[in-house]
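Visitor: For reference, the chains in residue letters:
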Amino acid sequence: MDRREFIKACSVVLLMQAFAGCRRVTLDTSSSMPSLEDFVNEVKMAASRSKPGFDLVQIPMPSALKQSGASPLNRFGMAIDLDACNGCGKCILACMQENNIPLSSKERRAAGQFMHWIEMRGGTPSMCFHCGDAPCEKVCPTGAATHTPDGLSTMMYKRCTGSRFCGANCPVGARKFNYDDAVKEGLSRRFNSEVPLRSKGVMEKCSLCLQRLQDHKYSHMAQFPGNEWRGTGVETACAGACPKHAIIFGNWLDPASPLVKAAKRKNIYAPAEVAALDPSVVYLRGNR
Amino acid sequence: MKYLVAGFLALLCGFFLADLVFRQKMPELQPMAQIPFDHSLHGDSIGLDCSHCHGGSHFQSRAHMPSKKDCLDCHRLPLTEKPGIEKLDSLLALSGEFPWNHKNILPEHVVFHHGLHYAAGVQCSDCHRPLDGADYRGGLARGKPYSMQMCVDCHARKTFGEKDFKPAAVYCGACHR
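From first to last, the protein sequence lines are chains A and B.
Position in the first sequence (from 1) plus 4 gives the number in the working numbering.
Position in the second sequence (from 1) plus 1428 gives the number in the working numbering.
The set of hints was computed from the structure by calculation and includes no laboratory data.
Incorrect hints may have been included.
Using C-beta positions, here's what the derived DEER-type ranges look like [claimed, not checked]:
| no. | chain 1 | residue 1 | chain 2 | residue 2 | range |
| --- | --- | --- | --- | --- | --- |
| 1 | B | K1531 | A | R168 | 31 to 37 angstroms |
| 2 | A | D137 | B | K1531 | 24 to 30 angstroms |
| 3 | A | K268 | B | K1586 | 25 to 31 angstroms |
| 4 | A | K268 | B | D1472 | 54 to 60 angstroms |
| 5 | A | D59 | B | H1537 | 20 to 26 angstroms |
| 6 | A | G230 | B | K1497 | 30 to 36 angstroms |
Subject to a maximum C-alpha distance of 16 angstroms in a straight line, what follows is the list of computed EDC-like cross-link-like pairs (lysine to aspartate or glutamate) [stated by the list, open to error]:
| no. | chain 1 | residue 1 | chain 2 | residue 2 |
| --- | --- | --- | --- | --- |
| 7 | B | K1430 | A | E9 |
| 8 | B | K1497 | B | D1517 |
| 9 | B | K1510 | B | D1554 |
| 10 | B | K1586 | B | D1554 |
| 11 | B | K1430 | A | D185 |
| 12 | A | K162 | B | E1536 |
| 13 | A | K270 | A | D85 |
| 14 | A | K204 | A | D219 |
| 15 | A | K70 | A | D137 |
Glycine included, C-beta positions come from ideal geometry on N, C-alpha and C.
Same shape as in the complex, but just chain B (with noise of 0.2 angstroms):
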């Protein structure tokens, strides 16, 4: 009895010998993300446009996101006398170059050039637009999760009827490779 209790001490301390020499490292979350971050604070309400920060959006391929340095264009500066701004501050002057994560949604396969459907006219809340009171995040285009199905029907102007875009290439070369 009493080599069985020892055996069971022993594995326990190897556990966690194992677990003190072998621990796996907790992927370092980025500072900013304890920041909720709002994108009615952000957008029209203070005359910023959607490329001010998603520098690309306009004439690039892909719109990105937001650099350390785009932030703090504008929070160098004790912006409002909100409780939570310095908790904004003191994270934002922590965190490393590129404060957001984001992972890229579009498959491989797929082209979307964001520049090439600005210039045709299409404003980046027609597809980026949330449902109503919500805020821009989670790849929702409209509360609906994109598809390509969505991007056949503007095409071939089964959408936004109101909106007079010109027709657009339909044939698979089009958008993928």
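Bound-form chain A, shown alone (with noise of 0.2 angstroms):
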């Protein structure tokens, strides 16, 4: 190669590299969004490895919680027709896409670990039992598991650090763990502009559709200032997906809420592991 020809080689080359360099797209596709076959994919490999049943137990019908700064009007629950039930899975789903759940790489799903909040369990639907006692709660050394007046045990993710406390503490494993940073991996997808994405290293677990019920109660006491909130016409995504309404969600202390209604004509159950625990989250099988 004599001279001028490298140096024509070298002209060439960073020309090229002058238009490569002004592309206005980068060439890294890695991070694509999740399609919705991939979330109902997972949810049908989730609900056909169905972990073992819980032992039920009959319990009482909850009623206004004990903790002082309860409120005496509201205490939100739910409530799963053991009856009416089929495990279909929908309710799986419909969570994922209400409150922007990930979904978990191969690896986990291989072990068998997802982040769903809901999880079939002997064939039924389980998820946190918002224990008015909640054993969470009490060993958060941060003070991001915390209980609402109106009976929802919620979750702070920016003041969550990771300890994986709560977790450890809860009897039934309802609280999942972002081992991975979903977004970075390309995992999450926002299906609901509502609800924030969390990261990685924070806990999280049914909130019971917290964000409708804050946007329902913040527009009711615009709306009729002075008027008492209870939740009426609310219900989470779950109960909303579920074509048998084998879940219903409603208000412990309102006589009128289709929860009330319907745990009165049927048993009432809870899992040995959280019975004595006051949950939110109950079962109902056979007639009264």
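Got two chains here, each in a separate frame; can you build the complex from them with the hints?
Guide: So this is what it looks like as structure tokens:
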């Protein structure tokens, strides 16, 4: 190669680089968004690997919380009608879409670990039982796991430092830990703009669709100042998605609530692990 | 030497060509961005409430920025003799349906319902009042950036003692999700 060809080649290379540098889109397409089908498939996979069921014991109907500062008007909860539920798993998908729950990586799926807030146990859905006397909240070192006066066991993600004490102290393993950075790994999809995505190292679990209750409550209070709010008309994503109407959301302290009406007709059960912890989420079975 | 110059020229042409082909469009500036909007000319001085332009500020969660139609409610008519008014009218005619760019600074894990606070008797200016002489923009409450401490202080009745607000919720789940 002579001097002339060398300089020519250098110019060409530089030109190409100049072109490449001015491209508007980068070549990196690694962080793609998962499709809805990916979520559907993961739910099917999880539902097919149902964990063993709970030992259920009969409990009385949940009443007002015993903690100080608890609301005398509202205690939100849910009932899952075991006579109606056929274990289709539609509630899991609806929950993922409502709460922007990420997919799990291949390795975690292989180990049977999913981020789903609702799991199939013995063919029926189970989630956080929102215990009135919640053992998870007692061990949180940062105060990220707290109880609201209206009976929700809530997680404040920005406060969570990921000690995982709460997960270890939950008798039913309802809490899920973000071992991976789901957003960075392209496992997350923002279906619902109203719910923040969780970052790596944060514990999460069923919130009883806290965002729906908050939105409804504050709209109500703004429109009808001074009027009592009982959460009438709110339902969780899973309850709304259940084709058999087997999941019933409502207010335990409101006799007009569909939850109380349904629970009065049936026997109320809770897993033996949480039966003594005053759970807000219960199972219904057998007509009374 | 000749080839070096030729190579350099080719490179220069290459850059220009690349710029021509791959030029990134400047984000289109809304025409109204050229107008120094002054809240003091639009508020109490002409008998307008905040909610007239910022729809939703009294009853909804968010106080929205006005649309072009809101501006045109008044600006259809030649309103003043001021020299700037013609420029304003022409730019308003040019602008899109939503003439104002606004970035919401409320973090996504925080719930703030404007209507709820209005119903509790909180005035817009309690949180959005600027320092003396300054206009409202800039995302500042009384000259300071918004912070959770401001919310908590008022909710726990440490501030606004003269206003006699009712004590408000201070548990985490009230305002965070």
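Visitor: Take the hints in turn and mark each one as holding or not.
Guide: Outcome of the hint check:
1. B:K1531 to A:R168: 31 to 37 angstroms: This hint holds: roughly 36 angstroms between Cβ atoms.
2. A:D137 to B:K1531: 24 to 30 angstroms: Taking Cβ atoms as reference, D137 of chain A and K1531 of chain B lie about 43 angstroms apart, which means the hint is violated.
3. A:K268 to B:K1586: 25 to 31 angstroms: violated, 45 angstroms
4. A:K268 to B:D1472: 54 to 60 angstroms: holds, 56 angstroms
5. A:D59 to B:H1537: 20 to 26 angstroms: violated, 37 angstroms
6. A:G230 to B:K1497: 30 to 36 angstroms: holds, 34 angstroms
7. B:K1430 to A:E9: holds, 13 angstroms
8. B:K1497 to B:D1517: With a Cα-Cα distance of about 13 angstroms, the restraint between K1497 of chain B and D1517 of chain B holds, given a limit of 16 angstroms.
9. B:K1510 to B:D1554: violated, 32 angstroms
10. B:K1586 to B:D1554: Holds. K1586 of chain B to D1554 of chain B sits at ~14 angstroms (cutoff 16 angstroms).
11. B:K1430 to A:D185: violated, 56 angstroms
12. A:K162 to B:E1536: holds, 11 angstroms
13. A:K270 to A:D85: holds, 9 angstroms
14. A:K204 to A:D219: violated, 27 angstroms
15. A:K70 to A:D137: holds, 8 angstroms
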